[in-house]
Amino acid sequence: MAIRSMHSSFDSGASGGAPVPRRQHEARTAAPTVIVGLGNEIAGDDGVGIHVARLLGERLAESSDVDVVALPWAGLALLDILRGRQTAVIVDCLTSDARPPGTVVRLDQEGIAGSVRLNSFHDISFPTAIAFGRKMGWEMPTQIAIWGVEAAIVDTFFEGLSPAVEAAIEPLIREVLEFIEPAVRGLATMGATR
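When we follow the working numbering, the leftmost residue of the sequence shown carries the number 304, and every step to the right adds one.
Certain hints may be false.
[Unchecked claim] Computed Cβ-Cβ distance ranges for the label pairs, DEER-style:
1) G440 to F461: 39 to 47 Å
2) A364 to E469: 21 to 29 Å
3) T406 to A486: 21 to 29 Å
Hints in this document: simulated from the structure, not taken from any laboratory. Quick caveat: nothing in here was measured; it's all calculated off a predicted structure. Every residue gets a Cβ at the ideal spot worked out from N, C-alpha and C, and that includes glycine.
I would like the entire structure built from these sequences, with the hints used as guidance.
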């Protein structure tokens, strides 16, 4: 399984040049578990969620129980990704300056103030999006885990991660895999936990 990036989820050929979401013409069944990596890879540590999604996508390639998605935004955009799932994991960078760079923090839905995307001025917050989905009668995940990594570099164009954030990736991946293990059949046998 390759990670799905929303940047490449449009097909311009099907409608005479106008982008058409692929889900309109490609049948796809959503896995019960989804891992969403948020970020921007050209903004330094802001890309940590994308890096984590890429690595987890490779390790979980054999699983039909989990989808791994990379997104550059959150808010209402997440509703389509989360709808119909049982378990969701979100990974984003934090810019709270409350902890040293590279610190991995597990957040609850209300404690996302330092998250770059989950608490945005340009979109509704993550808790509001989840509440909206439930109010619409949509099946939303009953288990949601949010991990953030405290950033060192986010205010400049920089491809790559700071050494502190790079060092945090493997421990974070182990935490995510431990969290999803009960929901993903055969996780240990597919070598994902290495």
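Hints versus structure:
no., hint, verdict
1, G440 to F461: 39 to 47 Å, "holds, 43 Å"
2, A364 to E469: 21 to 29 Å, "holds, 22 Å"
3, T406 to A486: 21 to 29 Å, "holds, 26 Å"
Checked against the numbered hints given earlier, this structure breaks none of them.
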